Amino acid sequence: MITTAPAPSRISVAAHVDEPGARFRDLLGAEWIKLWSLRSTYASLSLIIVSAIGFCVYASLADYRNWPSYGADRRSFFDPIRDAFPQQAYLFVLLAASSVGATAVASEYATGLIRTSLAAVPARRALIAAKIMVVAGVMTIVGAIAAGSAFAISQAILSGRGAGWSITHPYALRATAASALIVPVVSVVGMGIGALVRNTAATIVTTTAVLLLMPFMVGTNRHWEAVLNHSLPVMAWERLIELPQFARFDGPYPASVTGAWIVFGAWPLVAAAVALIAVRRRDV
Amino acid sequence: MIELREVTKRYGATTAVDRLSVTIRPGHVTGFLGPNGAGKSTTLRMIVGLNAPSSGSVTIDGTRFADRPRGLRHVGALLDAADVHPGRSAYAHLAALATSNRIRRDRVDEVLAEVGLATVARRRIGEFSLGMKQRLGIAAALLGDPPVLLFDEPFNGLDPEGVQWVRSLFRRLAADGRTVFVSSHFMSEIEHTADHLVVIGRGRLIADESLADFARRATAAPIVVASPDSGRLAQLLAGAGARVARGADGLLTVGGLSAAAVGQIALTHQVLLHELRTQQPSLEAAFLELTAATVDFTASPTEGETR
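One line per chain: the protein sequences are V and D, in this order.
To convert, note that position 170 of the first sequence is 170 in the numbering used here; the numbers rise steadily by one, no gaps.
Take any residue in the second sequence, count from 1 to its spot, add 1000: that is its number in the numbering used here.
Bear in mind the hints are in silico, worked out from the structure with no lab data behind them.
Just so we're clear, the structure is a prediction, and the values are computed from it rather than from any experiment.
Hints are supplied without guarantee of correctness; some may be wrong.
[To be verified] Stretch-level coverage of chain V by chain D, calculated; a stretch enters the list once three of its residues show a Cβ under 8 Å from a Cβ in chain D: (1) 29 to 39; (2) 104 to 113; (3) 116 to 122.
Beta carbons are placed, not taken as given, at the ideal position from N, Cα and C, and that holds for glycine.
Take the sequences, apply the hints, and build the full model.
Rendered as structure tokens:
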């Protein structure tokens, strides 16, 4: 039963580990496989595109049908951007987009897969950076498809009444870009929260509360409240799709477009930094 | 080769691993034994850098594992068969791991065939039994053809055929000159697989020796006696200085006396015996004896909980 020790000459396995250089793009490839091998990804991405297009068609058709009954005043104030990007649509879009990011990180911790992943890739920050880049990249494309289609379809419907805009309209381009980019922005926010909370359900609840409920809880009448309100990604998106003639409804402390773009950049950067720091320091 | 030097891991007031120093050498299957909660899993996680030691150093072939950018070609680890995403197929799981370490894709098919999962490779892992997940975890450990392999409780959930297969696999890996480190809390799982043992209890090293040396620790075998008058016999034996335990089946287990002495006492006092035999010394018994002092009786609420 007691086996003899193998001859030293056979211990060559340990001596020569032929290893190709570590490449970041291999990590991107792995995260790409991980993303597309889960059914929930297809469901969430479909939900984003279907709800963005569905609600915009619904809103545009309603205005198309009712257009003859609109008076001159209403027609002059008509906002074709609102038909392209209705709030109801973006409630679903943002919920699904933030869940994709939240799930991508939190489910890895919750299932224990993170231990398998980190035993294969001890370079923890590179692993998380690759995951963020793949999710953010895919979500940017999905956001562009959703927002671009919603804009094109809604304006095609409204053009039947002479009320549609071309994408070359300066406000149309800004609104469409913001509506596309809010998708990766909230998904990266979800990833940052996922790296902190590490439990899938709790992450989705927290992310939803931060992104979708906070805007209802923070007013705009006092200065500090207005600053906080304008710092929320969803409020920044609202500002970026808003036409200038509606700015007078914004209260005593209106948000600036530049500020809104900064919010769009700051949230994902902070969330990514949080995810990178969290994965670096903690035991798994 | 895995080297642990004075490794300590604390979680708050609890010390999970306590100044553990041990070297796991290539060319052997080294069994890693200890009761539940002895610190085996924590130690294995520290070896692959998932948990950072509070103090001390852990190196594999001279390098801290966490300092390597990619791991699969250096260490293959099955730490917990449940460390997978249940929604992903076995193939996708391994393909992602292989891609991250720049391992060619046909290696995925090779390891799936080697562990016997080729026909279910496209099924979701959530549908797998524990035994199938163990096989998948072993496949992942083999992906990079590494010189060092770690397995935490790999026999859990395996059927007898699977246990046989895993044992021969481990021996084959060791015969290749690899370092194979296998944890278990059952000696019976390890004694037919390992040729070297590392035993810990409460995070401390208890034994680090060959299986042959360990076998010599198996102390003087106890005597088993069956008698219709076992209550009286037990008193007589205890009176003669023996340690006597009475099992639920009425059998007496006697330590500290030889079988001859037990027979003599029975004859002298006219006690009828139905059975008198010497138990084979077992590694399991030696293991239990060695670790008995370190087993955590977690049911006791007085220790640690109340302060």
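Against the structure, the hints come out as follows:
1. Only residues whose beta carbon comes within less than 8 Å of a beta carbon in chain D count, and the segment 29 to 39 of chain V has 8; three or more means the coverage holds.
2. Here the segment 104 to 113 of chain V counts 5 residues with a CB under 8 Å from a CB of chain D, which clears the bar of 3, and the coverage holds.
3. Closer than 8 Å: that is the beta-carbon criterion, and the segment 116 to 122 of chain V has 7 residues meeting it against chain D, so the requirement of 3 holds.
In this structure, every one of the numbered hints holds.
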